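Knowing the structure of chain A, use the given hints to seat chain B on it.
Chains A and B, in that order, give the protein sequences. Following the UniProt record's numbering, the numbering of the first sequence begins with 1 at its first residue and continues without gaps. Following the UniProt record's numbering, the numbering of the second sequence begins with 1 at its first residue and continues without gaps.
Bear in mind the hints are in silico, worked out from the structure with no lab data behind them. Treat the hints with caution; some may be incorrect.
Below, simulated PhoX-like cross-link-like pairs (lysine-lysine); rule was C-alpha separation at most 25 Å, straight line [what the hints assert, rightly or not]:
(1) A:K391 - A:K370
(2) B:K56 - B:K72
(3) A:K370 - B:K56
(4) B:K72 - A:K368
(5) A:K88 - A:K72
(6) A:K471 - B:K56
Model, not experiment: these values are computed from the prediction.
Below, each chain spelled out in residue letters.
There are 2 protein chains.
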Amino acid sequence: MTTLGDTFHVYDTTLRDGAQREGISYSVTDKLAVARLLDGLGVGFIEGGWPGALPKDTEFFARAAAGDLTLKHAQLVAFGSTRKAGVKVAEDAQVRALLASQAPVVTLVAKSDRRHIERALRTDVAENCAMVRDTVRFLVDEGRRVFLDAEHFFDGFAFDPDTALRTLESAVEGGADVVVLCDTNGGRLPLGLAETVADVVARTGFRVGIHCQDDTSCAVANTVAAVQAGATHVQCTANGYGERAGNADLFAVVGNLVTKLGLAVLPHESLAELTRVSHALAEIANIAPDSHQAYVGSSAFAHKAGLHASAIKVDPELYNHIDPDTVGNDMRVLVTEMAGRASLELKGRELGIDLARRPDALTSAVRKVKELEAGGWSFEAADASLELLLKDELSESDTPPFTLESYRVVLDHTRDGAIVSEATVKVHVAGERVIATAEGNGPVHALDAALRKALLPHLSWLDSVHLNDYKVRILTDQHGTDAVTRVLVESTDGEREWTTVGVHGNIVEASWLALCDALVHKASRAAATPSRG
Amino acid sequence: MTTLGDTFHVYDTTLRDGAQREGISYSVTDKLAVARLLDGLGVGFIEGGWPGALPKDTEFFARAAAGDLTLKHAQLVAFGSTRKAGVKVAEDAQVRALLASQAPVVTLVAKSDRRHIERALRTDVAENCAMVRDTVRFLVDEGRRVFLDAEHFFDGFAFDPDTALRTLESAVEGGADVVVLCDTNGGRLPLGLAETVADVVARTGFRVGIHCQDDTSCAVANTVAAVQAGATHVQCTANGYGERAGNADLFAVVGNLVTKLGLAVLPHESLAELTRVSHALAEIANIAPDSHQAYVGSSAFAHKAGLHASAIKVDPELYNHIDPDTVGNDMRVLVTEMAGRASLELKGRELGIDLARRPDALTSAVRKVKELEAGGWSFEAADASLELLLKDELSESDTPPFTLESYRVVLDHTRDGAIVSEATVKVHVAGERVIATAEGNGPVHALDAALRKALLPHLSWLDSVHLNDYKVRILTDQHGTDAVTRVLVESTDGEREWTTVGVHGNIVEASWLALCDALVHKASRAAATPSRG
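Next up, chain A with everything else stripped away, as it sits in the complex:
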């Protein structure tokens, strides 16, 4: 429980509205994993889906009811629609499915914009109100707690406030205890939206919630402004997943409510879990985390300005809006051409490497980094490669897991138009000389495949390591010398992500360097942390 108990609701709809995002397709197992992570974070409500409408959602609620999901903090919510026009509520199959889901809380969506009532539902305001009232009452009588999502509320209120308010009144008459004002089309801005929320609270005295879409890039701001105007229930999705431009991002909303408005909306110890949970939820959604996401992005507290590095070292609170530790993030300092001793020392500290006690090593590391960056290397996004370099300067490197003798890659565009890539590597690993050949979609893929084929029998952890992202940049204006290619490789072992860099005139060799660093980095961690398997 949060110190605010039921007086403030953090309501997550990742599993329902978030799943509307293009590209997301949760399995039932995924949904259970998402719910566990959200519950661990301490949100008050987890909207699990629309039972009866989507088979996977029906199954999710069935498995939750069967004991596959034990929640410590949250209550499970089933989402659904009011009864159809002209149908008795007890006979509406969709409403019965909400009951059958056994979820203790039901959120009903209803129209509150007269244009939608007349043109999409093709009914009138009175019947719409009856649909809301009947359905809420039916569910409340069955022992459910009911919230109302008033769809298109802000547009509807602007067009015809009377109809919009009548929808809310019908819900409360039926026994709903929160009416959620939805900016369904996402076209609102904070200043006007806050006025409407305050107006509704003042006119009705109802408990008001807020649900915002991000079509003006203001979903987070709108949600927070609504709270400042009197809303005590916020509907969000993890990482802002959702249809079109998405929804209000749970992590930014919670970050703002806690650190800016001082509202204890999550259990105290949960705040430091935001970054971890955000990344874990991105994994499950199979979407690369947004490195520039507020609060939880890997760059959210990363400073590039070499200029201020010495000042940052002395007074980090002058250059960060909050202490990154608060949300489980950290202050990565980007190493750039302007980098000096101060920023490299700071960076080392962040990577767990104490350069302060070894001024000689620091001096040579600064020289080395400057030299490499002048040649096109960039460590700003490649912490893992920088870590290896610094350890090298301190002579603290582990023995590399393998060494290369040679490789050869052959690319053929044959007379019949076929494109073939084949690579052969000769490496030494675990005391043996291994030769392996593999094909791939392209030269780097073939080389990676051949290397894996050679090493896998000897390095058990290799199987868990995958290439997450691969970026290539051709650097053409390197002080008049020939162009060089910079390759960034992001790798993952399912738990962590790390980035390595390789630079060379030859793109394949640059890729090879980055791939090798990625494996050497993983080997050092695998050596430090015994497998849990």
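Chain B only, in chain A's frame:
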């Protein structure tokens, strides 16, 4: 000019503050291309960088002054710092570099938070004010228009309003005509920020600008709220690029100001260019466009098929906050900016190809472009390839200057550490079958070299053609299929530059396709325009 003229400033700082984003590293050519796109959009001011501090920025201003950049709408702005404490302004090298840049407008950054003045600058408020006043006056006396970026203004104003306001006053005393309030640490929310802006405007009567960072995910909302509170100058970056969580996104800010607040801040015809320009700028930054970006993302108006599909078809305006056409976007899941008949016809006209008289060819060209874009091609930044495609559809292609039989590329990392790339091409040119082999720095270079060796004796113009820039993007989310590689090649013959595109699962083949298009394009021009040699 916009209908608002100088009364409202859209001020872009992509090239300075945007370049602080991790991973962005603009070449001078890139910077010129970015400036041209922004000018085409009609922004009022383009901050080009920090001359004197960064060699590339110095070169950018030099090339702009030398005539490499002709602006129709925008004024070029040099960014820099006030004189150092205890130094005469006329003797401050950094201030002199601002003059030397020849930019007509200078934006000076100054401290306005007493803690920063005392702890980072290690001076006092009086000297800080003198630094601001002296530097502004010096530049104004030299004929420059000067804006002041009051760094950490909101934090400083909250801590010690007197010091914060004195910084602004010193700038205006010196002759600055806009004071820009910066939320440098990005920790502010719209409701409080708007109050401060209104307070400053009321107390000082100064012309106020706004510069927001996105650390609370509220940069766009904060910028718009500041305008509602009296700011008439907004500093933004393309796609919100910037340090940490980034800056206020130019496209969302402009979208909101125009469509929500009714402010004509860009030339009327520019609004429909937002989507295209956003994507082109992402290409140049070599960052995958954010498909969920407000207004301009490919998913920003894409509805997941379901509940409302038929209703959306009948009444799209009930389900979109604006008509997507307004910002050059559309409601399809697969956005193909150029794939509409009208825009492709327009683009053809721009390239000197009359598609209006051939509706059948236009239809098949639209189909072809859609098909290719679904497979990862992008013609946004590759006019020369698009021109070839359109000519093909009109059956107006010239006979290609050569045809390929086959190629082979071999890459060796030898036992002694040498890296060797060798390519052999077999081509047919001028009625002959030619085989040539060459080495290069990498596979693409070797292939290019072999091709040149084969063709040069037969194609006299080839000698003038050089590869200017080469960009590679790995596209990982192509609807579940394997990743493909997109290569953009910019070529030059010393007079013109043109860009071609190639897409394939294999990077070398993708490069080959783009290289071939580049030569075919040049051949068609060489045929049309006899050599002057």
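Hints numbered earlier in the text: which of these fail when held up against the supplied structure? 4 and 5
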